Each structure stands twice: as C-alpha cells, then as structure tokens.
Amino acid sequence: MTYKTIIEDDIDVLVVGAGLGGTGAAFEARYWGKNKKIVIAEKANIDRSGAVAQGLYAINCYMGTRWGENNPEDHVRYARMDLMGMVREDLAFDMARHVDSAVHQFEEWGLPIMRDEKTGVYLREGRWQIMIHGESYKPIVAEAAKKSADKVFNRICVTHLLMDDSKDNRIAGAVGFNVRTGNYHVFKSKTVICGAGGASNIFKPRSVGEGAGRVWYAPWSSGSAYGLMIGAGAKMTQMENRIVLARFKDGYGPVGAYFLHLKTYTQNCLGEEYESKWFPALTEMVGKEYLDTENQHLSHKPIPTCLRNHAFINEVNAGRGPIHMVTMEAFQDPHLEEIGWHNFLGMTVGQAVLWAATDVDPKYENPELTTSEPYVMGSHATGCGAWCSGPEDVSPEEYFWGYNRMSTVEGLFGAGDAVGGTPHAFSSGSFTEGRLAAKAACKYIDDGKAAGIMVSDKQIADRKAEIYKPLETYTVGRNEIVAGSVNPNYINPRQGLDRLQKMMDEYCGGFGVNYMTNEKLLQIGLKKMATLGEDLDKIAAEDIHELLRAWELKHRYLTSESVFQHTLFRKETRWPGYYYRGDAMKLDDKDWHVLTVSHRDRETGQYTMEKAPLYHLVDEA
Amino acid sequence: MPTFVYMTRCDGCGQCVDICPSDIMHIDKTLRRAYNIEPNMCWECYSCVKACPHHAIDVRGYADFAPLGSSVRVHRDEEKGTIAWRIKFRNGQKDMELLAPITTKPWGTCIPQLADVAAPAAAVVDSELLFNEPKYVAMNDNALPTLKSNKLSLKEGVYY
Chain S
0 MTYKTIIEDD
10 IDVLVVGAGL
20 GGTGAAFEAR
30 YWGKNKKIVI
40 AEKANIDRSG
50 AVAQGLYAIN
60 CYMGTRWGEN
70 NPEDHVRYAR
80 MDLMGMVRED
90 LAFDMARHVD
100 SAVHQFEEWG
110 LPIMRDEKTG
120 VYLREGRWQI
130 MIHGESYKPI
140 VAEAAKKSAD
150 KVFNRICVTH
160 LLMDDSKDNR
170 IAGAVGFNVR
180 TGNYHVFKSK
190 TVICGAGGAS
200 NIFKPRSVGE
210 GAGRVWYAPW
220 SSGSAYGLMI
230 GAGAKMTQME
240 NRIVLARFKD
250 GYGPVGAYFL
260 HLKTYTQNCL
270 GEEYESKWFP
280 ALTEMVGKEY
290 LDTENQHLSH
300 KPIPTCLRNH
310 AFINEVNAGR
320 GPIHMVTMEA
330 FQDPHLEEIG
340 WHNFLGMTVG
350 QAVLWAATDV
360 DPKYENPELT
370 TSEPYVMGSH
380 ATGCGAWCSG
390 PEDVSPEEYF
400 WGYNRMSTVE
410 GLFGAGDAVG
420 GTPHAFSSGS
430 FTEGRLAAKA
440 ACKYIDDGKA
450 AGIMVSDKQI
460 ADRKAEIYKP
470 LETYTVGRNE
480 IVAGSVNPNY
490 INPRQGLDRL
500 QKMMDEYCGG
510 FGVNYMTNEK
520 LLQIGLKKMA
530 TLGEDLDKIA
540 AEDIHELLRA
550 WELKHRYLTS
560 ESVFQHTLFR
570 KETRWPGYYY
580 RGDAMKLDDK
590 DWHVLTVSHR
600 DRETGQYTME
610 KAPLYHLVDE
620 A
Chain W
0 MPTFVYMTRC
10 DGCGQCVDIC
20 PSDIMHIDKT
30 LRRAYNIEPN
40 MCWECYSCVK
50 ACPHHAIDVR
60 GYADFAPLGS
70 SVRVHRDEEK
80 GTIAWRIKFR
90 NGQKDMELLA
100 PITTKPWGTC
110 IPQLADVAAP
120 AAAVVDSELL
130 FNEPKYVAMN
140 DNALPTLKSN
150 KLSLKEGVYY
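Going line by line, the protein sequences match chains S and W.
Just so you know, the first sequence maps onto residues 0 to 620 in numbering that gives the first Met the number 0.
Just so you know, the second sequence maps onto residues 0 to 159 in numbering that gives the first Met the number 0.
Heads up, some of the hints might be wrong.
Unchecked claim - Below, a list of computed lysine-lysine pairs in the DSS-like style, where the Cα atoms sit at most 25 Å apart:
id : chain 1 : residue 1 : chain 2 : residue 2
1  : S       : K146      : W       : K134
2  : S       : K362      : W       : K87
3  : W       : K104      : S       : K146
4  : S       : K3        : W       : K28
5  : S       : K589      : W       : K154
Derived by calculation from the structure, the hints in this document are not laboratory data.
Treat the numbers as computed from the prediction; the structure is a model and nothing was measured.
Okay, chain W solo, but in the shape it has when bound (with noise of 0.2 Å):
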C-alpha cells in the first residue's frame, strides 16, 4: 500500500525524504512538494508516516488487491514515547483506536557513550567477553558458557 500526499497539507519540509527507507519519497520539482515516486517499491512501513509534522501523508492500499475505503492512521510522539493508531474499516463497522509505548526512558537519554567508559583490561580483550558481560548475560556473577563448562563438545558426522 503505497504512500500519497495530500497537496493542501505538505509543505515540502523533507522529513519523509530524509526518512523513507527505500528511497522512494521525493520532492516534486515543480509543486515543491513530496509525492511516491515508485509505489512499487513502497512496503507500506510507515515511516514517511510517521514522521510527516504535518499529517500530510496517508496509505491507499495496493490497487492489485485491497479495495479503496478504508484507513490506518498514526501519530508517533517521542515526547510522550507513545505512538497511537486508528482503524477504520471499509464497511463503517470497526473503528478501532490502539495505543502503545514506543520507549520506557525519556527519548534517547539512556543510551551510553561506549568512548567514556572505562578502557577494558588486556585481559578481557583477549576473552569471549563483549562490553558489560559477562554481567550482563545473565544478570549475575556467571562466567560466560563455553563448550566446556556446559559439558559439550563439537563432533564431525550424523548428529540429530
């Protein structure tokens, strides 16, 4: 289902090219504005969606198998780190109304800088061990598994 956009409502800001995945949101060199230019290659994501300000981009559905009539609608807010959704049906009789979270933190607060962590020591650079573990594999003092702490070895041949 690919994209359009509604001419009265797109102010040609961008947000949905800059955004859109498979490269398919363009601006419109005489009306300044963004349109589909390969709804073919559209898998209805959203993305563009989602980040339009302005509302100005809806979903019509595949013209090779979904009737027109119906609606998906969406707003994504980052502040409130909630995204909710409308569907209506095409035959009127279901109106739904979702919501969910879309983060449980304040929108990217949490997210460490790996440059002013502590420098790992020579000898955990020589280990299996990635950053944080191996605390955080199983959130306790465990070392991380190995072929021989878990009793195992590789053989060569026919196993089931």
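Same shape as in the complex, but just chain S (with noise of 0.2 Å):
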C-alpha cells in the first residue's frame, strides 16, 4: 500500500458532507465553539457539492412571520397532511420556528430573493415557497462555512464513522480517502454532524445508457448520510417513505414554479381534468380524513402530494396518457415565459436542453410529464432519516435525550436528508437543522460529553484495510482472465450498482412495476439482497475513482436494505402514488399511526423494527 494515512487531530466539530446541511452546520459552530476546532470532509467541493449545486430558483421552506403570512405551527400541519400524518412534529416545528433567520441572512450575503415591487414582499411562488435568482446559492453558503471552518478537507469520500473504543456507542470520528491522491485520511473528533446527503439511483431509473446520470436528486447522492450513521448502529426511521416525483418527461425539470406560480395545470391525451375521477376509490383506500374531495375546499388542506401522484399513475394505467402540463395558456404572456425558462437554467438546466434539442416550445406545444423512479431522502416532501432527539423545549420524553438533532449515536448529530421525520425542509430548513445541530454539538462537548474518548490503532489499521480492499481485489483478479470486464472473482462498481437497482425496481416497488410491492416480493428481495451483500466485499475497483463509486454503491447498499427492512414492517398502504403494498392496500390508522424505527447491529448487521408513538402539534383548548 503507498497511500500515505494523514491524520487531522482533536477536532471538536467534524462536519462530513457539506451541502445545505453541513455548510450550516459548520457556519453556526463558530458562533457557539469560538475556540473549537471545526472541520469540514467532502466528497466535492464544497463551492458546487450537495443537492443544490447546480442552484436552486425558490427556497420552498419560509414562513414569513415578519410579515405575517405563516407561523411555524401552520407550516406542521401542512407537512403533516401532505406526508399522511408521518412527521416528527417537534423537529418540523423548531426548524420552521428557526428557518426565516437562515433567509434573511442568506439576503444579506447576497443571495437575489424577488421582491413584490409595490410591497416590498418577498415574491411568493406558493404559500411555503419564495422565489430566488439562486444560480451561486451554493457557492455563497459555502463562502459563509469557508469563513467559519478551520480546515476545509475537499475531495475526501468519509466511508466510516469512527467509534470511541472506551466507551461504547459514542462517535469518535471518521476515516475515507481523498479521490485524487488516494491517500487514507483519519479525522479524530469529538462530535460529528453528518449531512453527507440522500440516495438517488438506488432504483432503477427510468433513464438508461449514457443518460442514466439524470435523475430528479443528484447522481451524487449516494445514501451516504445514510449509509453512514446505518454503519455506526444509530437508529433510522420511516425509510419506507420513499418519494416519486411527477415531473417534466426525461429532464425531471421541476414543476413547483409552473403549477404554482405560472398557473400551469394538467390534462391526459384527451386534454382532460383526469384526477378528480380517481378521488372517490382513493378516499375509499385512505379514509376521508385524508382525502375529502367534497370539503376539501373548507379545510384548506392540501391534497397529499402522494395521492396526486396516484391519479397520475392509474390515468397513465387506464390508457389515457401522457399526462401534459398546459403551459400553452401562461406562455403566451412573454414575462411567464422568461420565469418559465430561467427556472429551468437556475436549478435543472438540462430541461432547458431537452426542449431545445427536441424543439419543445412550452408556448406552442404542452409538455409531457411523468412520474419518477422513487427516491430515499429526507428534506423534499418525505421524511427518511436519522432517530434523532428534538428540542428540549418541545419535544416529548420519547423524542428527547439531551442534544438537539443528536441521532441516538452518541456525538452523532445529523442536518438536511440525514435527519428522518422531517419532511418539507427543503435548502433553507436543510442550513437550519445543520445550525440547530453544530449549537448542540458544542454544548454537548462543552457539558464534557465528550471527555476520555478513545481511537486504537487497530481500528484505524482496520478501516484502512477495508477502504482499500477493492484495489486489491481487482489487482489480485485481473490477470486470471484476459481482458474486459467479465471476472468470476468480481464484480465492478457499475455492475453492483445495475443489479441493485433491478433489485430495487423488481422486489421493493419501482417504476417498472408500477411502484407495487409485497410481503413475499420484499422477503425475496432481501435474501437477494443478502447475496449481493456478500458479493460486494468482493467488489474490485481498478482505480481511485472507480474506489469512490464502490464507496459510493455500498452506502447505497446499506440505505437498500433499510428501506427494505422498513417497507416490510409497515404493513399498510400510508402513500398511494409513491408505493403501494399489494397485500394491505389500505391505510391503517388503528395499527399504524406511528413511526417506524430501525436498528441495525454494528457488528452482526441484524434488523431489529419497532414502532414510536406520532405526537401532534394540538392547539391549546
């Protein structure tokens, strides 16, 4: 082995993976750790790293209480409706109490937020979401972490999370390899806050061959914020709740701007209004209280973005697709068709160069949408993630223990995606959860939480070995046949990647069977799984970059196989429209009203799922 091991010592504050959630993690360490030693690991860089490096055009989550449009406890109860009551209330009420403090002083880094001329307002695409010229969104958080941190360690895959060795189930740190020099690097810390992001590309995409990168999350999001804190034995929850978007055919362009702010609808083949048809069997299958077509103009409520989703699919299903999005209407005014394209270059530009490489005018012709493969994240409108603890002066006892955000690791803080139960975050809640838990952190070290840990040598050499295991496989493998990539001793990156992907697709409810899954289909799945486990400690990697992307494919692997464990459990149908278990169609408020938590032994990778009580946010009688 020539690769040199560097380590970076008595740190106070790691933060590993900085998009949204670890740039604001590692921005309000400072404030709180003036004399800590903050150090920042990413897999990129972190001027153009995380979900938002291409730029965002709206920051979905900001309430507006300056100007008395939304109050924190308003932004739960959509959040609650939409994801089906699955929510961590306590943690969506303090990141919504929190989030316009992060927006306006993104405003005053410079960030272009749009202003009602004649008010002054922040311009409102909806009711949650402002609109920006978000283009460098990234690169100015990133300037505002840069300022905060000791170190910035660019181009380093962290694949372990270290523990303490003399005192258990507390974090001591992480080890990975920078993806240029290849060299081993050991960041020794007293806490941790993971936001190393959610998991696209773990099912099978709708896209193939050369265009298999463009998914609706980053190709770049490979689960590991998951695969991670799930390696360090912290405890996951609602890693069912998958999420299936409904979006612009091929470019996943968004649709948050033209539904909502542009006044764009849609209509099947026919140039129908498909979805209110679906309504009645749907209200039939999840009960009124979620969806009451008649009185739902009363209640306010919004339709679950799950449901909606559903009527897409089963029109799609009855032979009346594609399913268009009228744009022909708004694009007729040139203002809405200026907003209409730069939405597209701020945030999903290869929208924007499919509709000109197919001469798709939105103001002559509708385009055609569909619905996603599914994917596993936290900060969109689902809620996978971290168990982690609230604040102390909201949470319950069962959602409590001593450190906001801290995941039941101890010293192991999570922020954006990495947090589970805490849906409709977004970019600005993500920086919010990431300030709540460096605030923490530092407490925690301070109440001397973190006193005595310990790192042997031996697990440093161990984790080395594992790192690097994939080099010497192929190194070993290689000559035993002649050429190509057809090895009985290996199998490379993309191949694991492609079989887990059917896998996904096939066993735990992918597009390509119509998003249905089982208690059969899923137990096949996991011994499935199972096999391809084994087969990935014989993963070979012919370089430093094909190493990353076999990092990359077992923390996606890890994030499989919870999610699999997780849709095992629940025995109902909770999210028409995003996956559906063919043996309980229906939703089970008698048995299921309830989170589901996981935990996988450390060392023997053993599943054991339990339920946690739902606490509501009620008013006061």
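From these two lone chains plus the hints, build me the complex, please.
Rendered as structure tokens:
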C-alpha cells in the first residue's frame, strides 16, 4: 500500500458532507464554539456540492412571519397532511420557527431574493415558496462555511464513522480517502455532524445508457448520510417513505413554479382533467380524513403529493397517457415565459437542453410529464433519515435525549437528509437543521460528554485495509482473465449498482412494477440483497475513481437494505402514489399511525424494528 | 446530457476537474486536456461549463433521448454578478438570450466572520436561540416562538 495516512487530530466539530445542511452546521458552529476546531470533510468541492450544486430558483421553506404570512405550526400542519400524518412534529416545528432567520441572512450575504415591487414583500411562488435567482446559492453559503471552518478538506470520500473504543455507542470521528491522491484520511473528532445526503440511483432509473445520470436528485447523492449512520449503528426512521416525483419527462425539470406561479395545470391525452375522478376510490383507500374531495376546499388542506401521483399513475395505466402540462396559455405572457425558462436554467439546465434539442417550445406545445423512479431522502416531500433527538423545550420524552438533532449514537448529529421525520425542510430548512445541530454539538462538548474518547490504532488500521480492499481485489483477480469486465472473482461498481437498482425496482416497488410490492416480494428481495452484500465484499476497483464508486455503492446498499426492512415492517399502504403494499392496500390508522424505527446491529448486521408513537401539534384548549 | 471538451480550446488548466461535483472531469494523461470520464454519472449541472475560463466545455444532449443539433451556452461573471444564457433550438426557430443576477453584493464581501463577532452570553447559550436570533426570525423584537407562546401542545395519538 503506497497511500499515506494523514491524521487530523483534536477536532471538536467534524462536518461530514457540506451541502446545505453541512454548510449551515460549519457556519453556526463557530459562533457557539469560538475556540473550537471545526473541520469539513467533503466528497466534492464545497463551492458546488450537494443537492444545490446546480442552484435553485426557489426557497421552498419560508414562513414569512415578519409579514404575518405563516406561523411555524401552520407549516407543521401542512407537512403532516402532505405526508399522511407521518412527521416528527417537534423537529418540524423547531425547524420552521428558525428557518426565516437563515433566509434573511442569505439575503444579506447577497443571494438575490425577488420582492414584490410595490409591497417589498418576498415574491411568493406558493404559500411556502419564495422565488430567488439562486444560481450561486451554493457558492454563497459555502463561503460562509469556509469562513467559519478551521480547515476544509475537499475531495474526501468519507467511508466510515469512527467509534470510541473506551465507551460503547459513542462517536469518535470519521475516516475516508482522497479521491484524487488516494491518501487515507483519519479525522479524530469529539462530535460529527453528518450531512452526507440522501439517495438517488438506488431504484432503477427511467433513463438508460448514457442518460443514466439524468435523475431527479443529484447522481452524487449516494445515500451516504444513511450508509454512514446505519453503519455506526444509529437508529433510522421512516426509511420506507421513499418519494416519487411527477416531473417533466426525461429532463426531470421542476414543476413547482409552473403549477404555483405560472398557473399551468395537467390534463390527459384527451385534454381532460383527470385527477378528481380517481379521488372517490382513493378516499376509500386512505379514509376521508386524508382525502375529502367534497370538503377539501373548506378545510384548506392540501391534497397530499402522493395522492396526486396516484391519480397520475392510474390515468396512465388506464390508457389515457401521456399526462401533459398545459403551458400554452401561461407562456403567451412573455414575462411568464421568461420565468418558465429561468426556472430551469437556475436549477435544472438539462430540461432546457432537452426542450431545445427536441424543439419543444412550451408556448406552442404542452410538454409531457412522467412519474419518476423512487428516491430515498428526507428534506423534500418525504422524511427518511436518522432517529434524532428534538429540542428540549418542544419534544416529548420519547423524542428527547439531551441534544437537538443528535442521533441514538452519542455525539453523532444529523442535518438535512440525514434527519428523519422532517420533510419539507428543503434547502433553507436543511441549512437551519445544520445550525441547530452545530449549537447542540458545541453544548455536548462543553458539558463534558466527549471526555476520554479513545480510538485504537487497530480500528484505524482495520478501516484502512477495508477501504482499499477493492483495489487489491482487482489487482489479484484481474490477471486471471485476458481482458474485459467479466471476471469470476469480482464485480465492478457499475455492475453492482445495476444489480441493486434492478432488485429495488422489481422487489421494492420501483417504476417498473408500478410502485407495487408485497411481503413475499420483499422477502425474496431481502434474500437477494444478502447475496449482493456478500458480493460487495468482492467488489473490485481499477483505480481511485472506481474506489469512490465502490464506496458510494456500499452506502447505497446499506440505505436500500434499510428501505427493504422498513417497507416490510409497515403492513399498510400509507402513501398510495409513492408505493403500494399489494397485500395491505389500505391506510390503517388503527395499527400504523406510528413512526417506524429500525436498528441495525453494528457487529452482526441484524435488524430490529419497532414502532414509535406519533405526537401531533394541537391547539391548547 | 453529458459534457464534452473541445480539443482546441482546452489548455488543461483543471478548473473543471476542481469543481465537478461528480468527480467525472479528469485530465487525459496523454493529451493533457480535460474530458468527461463517466458520462452516465453526469447531471448536466453545468458547474464545469461555468467554471471553464476558455468556454471549452459544452454539453451534448443524452444520446438515449436528445437529438443532435441544439445548444445551451452560458457565461457566468462574478464581477458583474450575472449569468448570461443563450438557448438555440434544434430547428433554429428559437434563439433566446436570458440574463439573471447571481448576487446582489460585490462577490464574497458581505459574509460575516463569526470568529470576530462578540461571544454569546451564557443565558443565550442555554436558550434555543441561534446566531442573530431572535431578531432575524421576523426582523423585529419578538421572541422565538415556543409551544407556549403559540398556545400549542404536542399530543400523542391520531390527529389530522
């Protein structure tokens, strides 16, 4: 082994993954930890990393309390309805009461937020969304993180978290390798804030061949937040709650601004409105409490995203696809037309490229929509992630164990996609969660909770051997064959990813089976997952770049296994339109109005599942 | 839509290698110029296209669904604080130029250095407040909302 071992010692706050969550954490940590050593380890370059690398055209979570628009509890109730009741409302309330302070600072830093020319109020796209020129959203917040951090290590793929060898279940840092030099990096730290992102590319994508990277969530979102935290033995919640997006076909361009601001709408191939006809049967499945078409307008409750997907999927299956977005009316207004294009250029350039390539001018042609493959993440309209403590002044006993956003592993905090049960945080809410986690991490250290951490040389050496094993596997097995990628001793990362995606698609409810699964399918899937797990021990990497892909795949694998276990556990169809349990097609509030919580044993890999109670925000009588 | 690099414009400076979020822009060891080593892990995020000082990087629609012949070019300027786009359709019937701001401040000058900000008082450390709060929550003197202030409680059970 020629790679150097580089040890960074005495870190107080280690931020693993600096997307919006991680940058928020690094920024805020400096304020509460003036003399603390704050270090960032990032897989790419923090100026353009994470889900917001490309930019955003809207901030989807902003209360507007300063203008009397919304209170935090309004947002919690909205998220609750959208997620069919399944939200950690303590975390959601906490995020919502702080989120505006992040946005107001972004504006001071130079992020262009659009304002109503007459009133000066932020221009709304919808009730929760404000419009921005956010091409440089990420470089701007990255600058704030860089100013606070003592050191930023770009291009470090963190593969594992380090555990304390003196006290069980306590974090001690992280290890990984530099994807350019190949060097082994050891970060010894009193706390870790994990912001390593959700998961794209674990279900087979609709895109094929060269286009396989054209996914809704970034292809570099490798589920590493989950892979790292599950690997460290942290409990996870709501991992069954994958999300399916109705988006512009092939390019996955966003539809939020189109629906909310441009007032475009959808119709089937016959030019008919189709959603409402599916709702009576859907009300039978989920209950009137979740979909009351007669009184929806009175309750002002939104129709949950998954239920709208359900209507879309069923209309297509009935032979009346494709579903079109009616843009031809709105785009006659040159101002709205320009907004429609800016919207893509600011956050999904690929959609603009696709329309240019296929001569789709939405002014004269209504573009097609499609439902995507499922994604596992926790900051959009879904809430996968780690089971974390809430804030002291809000959380009930079952949700509180001392430090805000701390997982069930001591000293391991989460932000953004990493934290479970907090949907609808989006970019601003993820940044806010990072800030909350940073303050709590500093307090954890100041309370003496990180005293006496010990990392043995053996742990460091064992991880090093494990990390580089795929290179060795390649070297040893390669010369047994003449040439090519077919080898009886190993598979490469792309082959492993293809297998994982096919399995998730067919057994865990991907687009290829119309999002359908059941207990039998899940059990077969888990059996096949076990053998894939064995084969991943024999994964081969030809070079350091492939080693990166190998470890991303291992993180995706751990994420997927958790999704399987959670999907098997929840015996109901809670979110029709996200996925269906064919053997339990109804929503079941009697047995399943609960959060699902899993624990994977660090040593044995065995899963245990439990139900956790749901607490809801209610008005004091 | 994977990126590609024009041979005559690239000088191998490595800006794209430095910025690519997917780690797929690498320098070809023989030609000493950049290229996309893994097109099917490209998100067409344009980070490399924007970063290239010579406009040597462009994008060609994904072969599996995008026909040849259109173009989406960009010029990002931190000094001017703008980004300029040009979209040309395949059939030549649409040719759009779009301009947007990327910042409202001189680039990189208005971000605070928290190490230099006065340390928080002990009472604030023990509170639920974050930096600049409560002021920045609603840009006024109101306190941070709590369950009590907003007359709420958290109840176990089934509520809609």
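So, going through the hints one by one against the coordinates:
no.	hint	verdict
1	K146/S x K134/W	holds (22 Å)
2	K362/S x K87/W	holds (15 Å)
3	K104/W x K146/S	holds (17 Å)
4	K3/S x K28/W	holds (23 Å)
5	K589/S x K154/W	holds (16 Å)
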